[in-house]
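There are 2 protein chains.
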Amino acid sequence: MKKTRSPVESRGKISESTVRRLSSYLRLLHEAEARGQETISSEELAERGGTTSAQVRKDLSFFGSFGKRGLGYSVPELLREIEGILGLHRRWRVALVGAGKIGSALISYRNFQRRGFEIQAVFDSDREKVGQVWGSQIILPDEELERVLAENQIEIVIVAVPGDAAQKVVDRVVRAGVRAILNFAPVRLRVPDGVALRNVDMVMEMEGLTFALSSRE
Amino acid sequence: MKKTRSPVESRGKISESTVRRLSSYLRLLHEAEARGQETISSEELAERGGTTSAQVRKDLSFFGSFGKRGLGYSVPELLREIEGILGLHRRWRVALVGAGKIGSALISYRNFQRRGFEIQAVFDSDREKVGQVWGSQIILPDEELERVLAENQIEIVIVAVPGDAAQKVVDRVVRAGVRAILNFAPVRLRVPDGVALRNVDMVMEMEGLTFALSSRE
Numbered sequence: 453m454k455k456t457r458s459p460v461e462s463r464g465k466i467s468e469s470t471v472r473r474l475s476s477y478l479r480l481l482h483e484a485e486a487r488g489q490e491t492i493s494s495e496e497l498a499e500r501g502g503t504t505s506a507q508v509r510k511d512l513s514f515f516g517s518f519g520k521r522g523l524g525y526s527v528p529e530l531l532r533e534i535e536g537i538l539g540l541h542r543r544w545r546v547a548l549v550g551a552g553k554i555g556s557a558l559i560s561y562r563n564f565q566r567r568g569f570e571i572q573a574v575f576d577s578d579r580e581k582v583g584q585v586w587g588s589q590i591i592l593p594d595e596e597l598e599r600v601l602a603e604n605q606i607e608i609v610i611v612a613v614p615g616d617a618a619q620k621v622v623d624r625v626v627r628a629g630v631r632a633i634l635n636f637a638p639v640r641l642r643v644p645d646g647v648a649l650r651n652v653d654m655v656m657e658m659e660g661l662t663f664a665l666s667s668r669e
Numbered sequence: 453m454k455k456t457r458s459p460v461e462s463r464g465k466i467s468e469s470t471v472r473r474l475s476s477y478l479r480l481l482h483e484a485e486a487r488g489q490e491t492i493s494s495e496e497l498a499e500r501g502g503t504t505s506a507q508v509r510k511d512l513s514f515f516g517s518f519g520k521r522g523l524g525y526s527v528p529e530l531l532r533e534i535e536g537i538l539g540l541h542r543r544w545r546v547a548l549v550g551a552g553k554i555g556s557a558l559i560s561y562r563n564f565q566r567r568g569f570e571i572q573a574v575f576d577s578d579r580e581k582v583g584q585v586w587g588s589q590i591i592l593p594d595e596e597l598e599r600v601l602a603e604n605q606i607e608i609v610i611v612a613v614p615g616d617a618a619q620k621v622v623d624r625v626v627r628a629g630v631r632a633i634l635n636f637a638p639v640r641l642r643v644p645d646g647v648a649l650r651n652v653d654m655v656m657e658m659e660g661l662t663f664a665l666s667s668r669e
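Chains as they are written, first to last, in this note's numbering: chain H, 453 to 669; chain B, 453 to 669.
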């Protein structure tokens, strides 16, 4: 496997938390646009985004200069800019591995479609599920994974299989050339450099809450 | 609303990322225990947890001294200790607000039960859903939220309602005295000091991936 630097590293200073804040500014901008608001200050972005206005200005300055002193940022302009930075100015070809309850929730999640994530294939290893129709998708047998990922030039794979099956799925997906994985399985997965991996881990978030509650008692 | 210091602050130096690492060590320990492994080194915890052995030792030293030099940590002992730190040595009373697809995935999620999270009430504002039976739960009308939270002494509320309804739900839950909230709605919620809030945000994780893919192009 060819080793490449992660994109975050190669950009120098863009940390995962910066990217998260950009996502959160984007959300506030969508809300402002829906209200018909034309400009937004760094203070407003900061307050509603749970950070400081200095941080907002610093985050945005990484990517060029937006906004005019005293006038704030133009909502539609900043919105398009952040969408561009996050790669949301285009649609993405996504596949889902694992047609369980979480997969089912994802496939009917309107925000996914709206943000340009198009689930173009769904796989499962369970013979009972293969062939079932989910929205516009027919559930495919997992043997077809490599072929279908390649033919559809899938860019992002969502892994929603049980923990003990997840690493194998990820290894196959990576060998098939996919460079971005969203993992719902409650395990820590290994991917080579150059493959972006994010985890959605509900139990871990719950453990953060029970830690907070416990340390208070 | 009385202002209280957050439990994390009051403990001094335990950051959210430390707590996340503890969760991740715990997972490795569960796997090791399932394999019948008796001891584990900080190197093994580090490597599989994606950190350094110095970090592992530092994280664990916050909470007392575990492990013997050269012998590593006893798997069952360290497992119980971390469970204790994270508050997982007991069961937690949980309620779910929002009986949609995500709620449905959660209620049938075995890892939730297994880790001691007992969903004891489910609410929805949709008259069509109220009265439906989900596992051992009957979906309750959301007007009963405050009463049921109090009567059942619910400790953690999971919010899985649409974005525009989420803040109102959270305000009611907080007024009812709940001090921990897990949010699935794609909005940034405001809670007073002393209330622990964690977010599970799939779209934000996807945006992290599209950022990574885009900055590589």
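Treat the hints with care, as some may be off.
Below, computed lysine-lysine pairings styled on DSBU-like, alpha-carbon distance capped at 35 Å [to be verified]:
1. B:620 x B:553
2. H:581 x B:510
3. H:581 x H:620
4. B:581 x B:620
5. H:620 x B:553
6. H:510 x B:620
7. B:510 x H:510
8. B:581 x H:553
9. H:581 x H:510
10. B:620 x H:581
11. H:553 x B:510
12. B:553 x B:510
13. H:510 x H:553
14. B:581 x H:620
15. B:510 x H:620
Computed spacing ranges between beta-carbons, pair by pair [said to hold, decoys possible]:
16. B:578 x H:495: 53 to 61 Å
17. H:489 x B:495: 47 to 55 Å
18. H:596 x B:603: 48 to 56 Å
19. H:596 x B:542: 39 to 47 Å
Note that these hints are calculated values from the structure, not bench results.
Even for Gly, the Cβ is constructed at its ideal location relative to N, Cα and C.
For each hint, the structure was consulted:
no. : hint                      : verdict
1   : B:620 x B:553             : holds, 20 Å
2   : H:581 x B:510             : violated, 46 Å
3   : H:581 x H:620             : holds, 20 Å
4   : B:581 x B:620             : holds, 20 Å
5   : H:620 x B:553             : holds, 27 Å
6   : H:510 x B:620             : holds, 32 Å
7   : B:510 x H:510             : holds, 31 Å
8   : B:581 x H:553             : holds, 18 Å
9   : H:581 x H:510             : violated, 49 Å
10  : B:620 x H:581             : violated, 38 Å
11  : H:553 x B:510             : violated, 38 Å
12  : B:553 x B:510             : violated, 40 Å
13  : H:510 x H:553             : violated, 40 Å
14  : B:581 x H:620             : violated, 38 Å
15  : B:510 x H:620             : holds, 32 Å
16  : B:578 x H:495: 53 to 61 Å : violated, 38 Å
17  : H:489 x B:495: 47 to 55 Å : holds, 53 Å
18  : H:596 x B:603: 48 to 56 Å : holds, 51 Å
19  : H:596 x B:542: 39 to 47 Å : holds, 45 Å
Hint compliance for this structure: hints 2, 9, 10, 11, 12, 13, 14, 16 are not met, and every other hint is.
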